[in-house]
Amino acid sequence: MNLTVDGHRVYAYTGAREFDAGCDPLIFVHGGGLDHSVWLLQSRYFAHHGRGVLAVDLPAHGKSGGEALGSIPAMADWIVRVMDDAGVDTASLIGHSMGALVVHEAAVRNPERIRCIVTIGISIPMPVTDALLSAAKADRHDAFDMVNIWGHGSRAHVGGNQAPGMWMIGTGVRLLERSPPGVLFADLNACNEYRDGLESSARITCPVHVILGADDRMTPVKAARPLLESLSDARVTVLENCGHMIMAERPGEVLDLLIAALENPAGK
Amino acid sequence: MASPNYHRFDTLSLHAGQQPDSATGARATPIYQTTSFVFRDTDTAAALFNAERAGHVYSRISNPTNAVLEERISALEGGVGAICTASGQAAMHLAIATILDAGSHIVSSRSLYGGSHNLLAYTMPRFGIATTFVDPRDPDAFKAAIRPETRLLFGETLGNPGLDVMNIDAIARVAHDAGLPLLVDSTFTTPYLCRPFDHGADLVFHSATKFLGGHGVAIGGLLVDSGQFDWEASGKFPTLTEPYPGFHNMDFVEEYGPAAFIMRARKEGARDFGACMSPTTAFYILQGVETLPLRMQRHVDNTRKVVAFLDSNDAVEWVGYPELPTHPDYELAKTLLPHGCGAVFSFGLKGGRPAGRRFIERVRIFSHLANVGDAKSLVIHPASTTHHRMDAQALEAAGIGEGTIRLSIGLEDADDLIGDLEQAINASQRVVRAADSVSAK
Chain A
1 MNLTVDGHRV
11 YAYTGAREFD
21 AGCDPLIFVH
31 GGGLDHSVWL
41 LQSRYFAHHG
51 RGVLAVDLPA
61 HGKSGGEALG
71 SIPAMADWIV
81 RVMDDAGVDT
91 ASLIGHSMGA
101 LVVHEAAVRN
111 PERIRCIVTI
121 GISIPMPVTD
131 ALLSAAKADR
141 HDAFDMVNIW
151 GHGSRAHVGG
161 NQAPGMWMIG
171 TGVRLLERSP
181 PGVLFADLNA
191 CNEYRDGLES
201 SARITCPVHV
211 ILGADDRMTP
221 VKAARPLLES
231 LSDARVTVLE
241 NCGHMIMAER
251 PGEVLDLLIA
261 ALENPAGK
Chain B
1 MASPNYHRFD
11 TLSLHAGQQP
21 DSATGARATP
31 IYQTTSFVFR
41 DTDTAAALFN
51 AERAGHVYSR
61 ISNPTNAVLE
71 ERISALEGGV
81 GAICTASGQA
91 AMHLAIATIL
101 DAGSHIVSSR
111 SLYGGSHNLL
121 AYTMPRFGIA
131 TTFVDPRDPD
141 AFKAAIRPET
151 RLLFGETLGN
161 PGLDVMNIDA
171 IARVAHDAGL
181 PLLVDSTFTT
191 PYLCRPFDHG
201 ADLVFHSATK
211 FLGGHGVAIG
221 GLLVDSGQFD
231 WEASGKFPTL
241 TEPYPGFHNM
251 DFVEEYGPAA
261 FIMRARKEGA
271 RDFGACMSPT
281 TAFYILQGVE
291 TLPLRMQRHV
301 DNTRKVVAFL
311 DSNDAVEWVG
321 YPELPTHPDY
331 ELAKTLLPHG
341 CGAVFSFGLK
351 GGRPAGRRFI
361 ERVRIFSHLA
371 NVGDAKSLVI
381 HPASTTHHRM
391 DAQALEAAGI
401 GEGTIRLSIG
411 LEDADDLIGD
421 LEQAINASQR
431 VVRAADSVSA
441 K
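Protein chains in written order, with my numbering: chain A, 1 to 268; chain B, 1 to 441.
Simulated from the structure, these hints should not be mistaken for laboratory data.
Wrong hints could be hidden among the right ones.
What the hints assert, rightly or not - The list that follows gives simulated cross-link-like pairs (lysine-lysine, DSSO-like), each with its CA atoms no further than 27 Å apart:
| hint | chain 1 | residue 1 | chain 2 | residue 2 |
| --- | --- | --- | --- | --- |
| 1 | B | Lys236 | B | Lys305 |
| 2 | B | Lys305 | B | Lys334 |
| 3 | B | Lys305 | B | Lys143 |
| 4 | A | Lys63 | B | Lys267 |
| 5 | A | Lys63 | B | Lys143 |
| 6 | A | Lys63 | A | Lys137 |
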């Protein structure tokens, strides 16, 4: 599905079903340098189970036009403009990594528009190493490799993918390679510079669900603790033997957790 | 953070794709010899059928043992995913059938395994897919043969049987400039000697029967997707970029991105053509892949010794191995295949067909059969076996003489192999001398 926001084409995968803004919409937001395809299984599931689904490509990612927005608040405001263009009044937001920061900030800024958020692979702050930032700034391939290597848990580096025959380390780097020059740096820099989320967490009024990987080297569980402490009512799940690429590494478990979270957002 | 690294080749050969069995803790990959898999509940069943969940449904389409092999070869090749097939031929057919339709056209190297030549020259035309065969040493010939309906370029890393070294980088550039993918048969080199994706190839297949298995006990194939080709930008591949009515109107590029090709190959090709690999065969091939780096190095080491022996033997007219300066691809091989040019090569024996026949009858360690890539050394006479359907002109074009003998060097002691060859060559030359003596009278 194509939308138009700020004069640019916005692509959103709808789970292979026609999008219906009246069907308790879900908006999926991908991480840095990635696109909507990271949500394939989950978005297809909910679209075929009665929910309106928009798995968006952020500006300059995937099939969306425009330039990378460069800051988490800008991306959070953009998500709300996507909702406006799609005719969505309120929605539940699901985000991964940078996308998790985006949905967190969207819930801070627009509590009346957000019914529930699920943040996957998140920490606030989300610092990025100088080595990775400088490689990304220079558009060097080793920036993709660093994200891919650090992003996958040790188990994923051996394999045993739930998707038969797919080598997720290979898929991960190919997906990053599709990122246009400058986009990964803009995304990583946005994550690195986002510092306000902890203090503003109190403004979130909707249910919050957090999914973390016990083997995550990019947003380690210990780095997420300040956020979890600021979200006293959040439901938190830590998946063992799982790194930062949580939807790729544990797609079945993520779907089960999303079903539980989104069918009963306020459940304890 | 420590300096980041991916696992390296030898580690991936042993581990990629496999975790200790979750049910039993088995360290070796279990053989999941089952046709089908019990669904957790009705919703899960529906989700598996509709690609909302990942998992196994029916072993024609996927199987846990096969999946380990598929991941492992993907990891070793640097791809995104793979499919096990019933044979190398099935893998080649699956590649073609996934992206070509009736009316499509292929540009192929003319130095091919005889079975591949048969498929392209005689069988695919019955289904409306034509092929133009060109000199594998001439990237411009590939370019010149491309037509508006061309959808694929194809060749072997080492052409059969002349060991023409495919200039993958140059031919990939020709393909990509035309918006086309390059398919490479990498059977002779395996990812230990050459990773075609690193040179621009888009798809690779193997006859896993050969060096990947290495033991000569199982027939199988593997088709691997690099995930690098931009099917959407090309605009020539509607099977990947337009809704597919045969699977919920799925648009494979939209849904799977870099894995579009291999997912279509599985969801359509594995389902409908059904040329699947037995899980037991996948287990056998996995046993071979575990020792692939060790075996390939030994294959190459032995081959170099045998090549040196033959190259210095007065009864040998020529030896076709790309590490010899006399081979036309000597320079290219140094850059593309620095770790070796495999273990299959041909040579010409003085005395033509009678000498060749006697040579083959006299070898004792080498086995006379139609295969390559076994741990045991093999020998064959291509003109009367693998390439017997070719007429003299086609044989000449493929670089095969009537006296050409092809060897596949195994893992035996190299001195024993050389001794066996020496006595067989001596016997062959006695035939030549006897014939000369008769004609002199």
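Hey, lysine 63/A versus lysine 143/B, does the alpha-carbon distance stay inside 27 Å? Distance ~31 Å between lysine 63/A and lysine 143/B Cα, so the pair is violated.
Given the hinted pair lysine 305/B and lysine 334/B, is their Cα-Cα distance within 27 Å? Satisfied, since the Cα-Cα distance of roughly 18 Å is no more than 27 Å.
Can you confirm whether the C-alpha distance between lysine 63/A and lysine 267/B stays at or below 27 Å? 24 Å, holds
Mind checking the alpha carbons of lysine 236/B and lysine 305/B for me, to see if they're no more than 27 Å apart? Violated, because 47 Å separates the two Cα atoms, which is more than 27 Å.
Straight-line alpha-carbon gap lysine 305/B to lysine 143/B, limit 27 Å: 38 Å, violated
With a cut-off of 27 Å on the C-alpha distance, tell me whether lysine 63/A and lysine 137/A pass. Roughly 22 Å between the alpha carbons, so the hint for lysine 63/A and lysine 137/A holds.
Violated hints for the displayed structure, listed by number in ascending order: 1, 3, 5.
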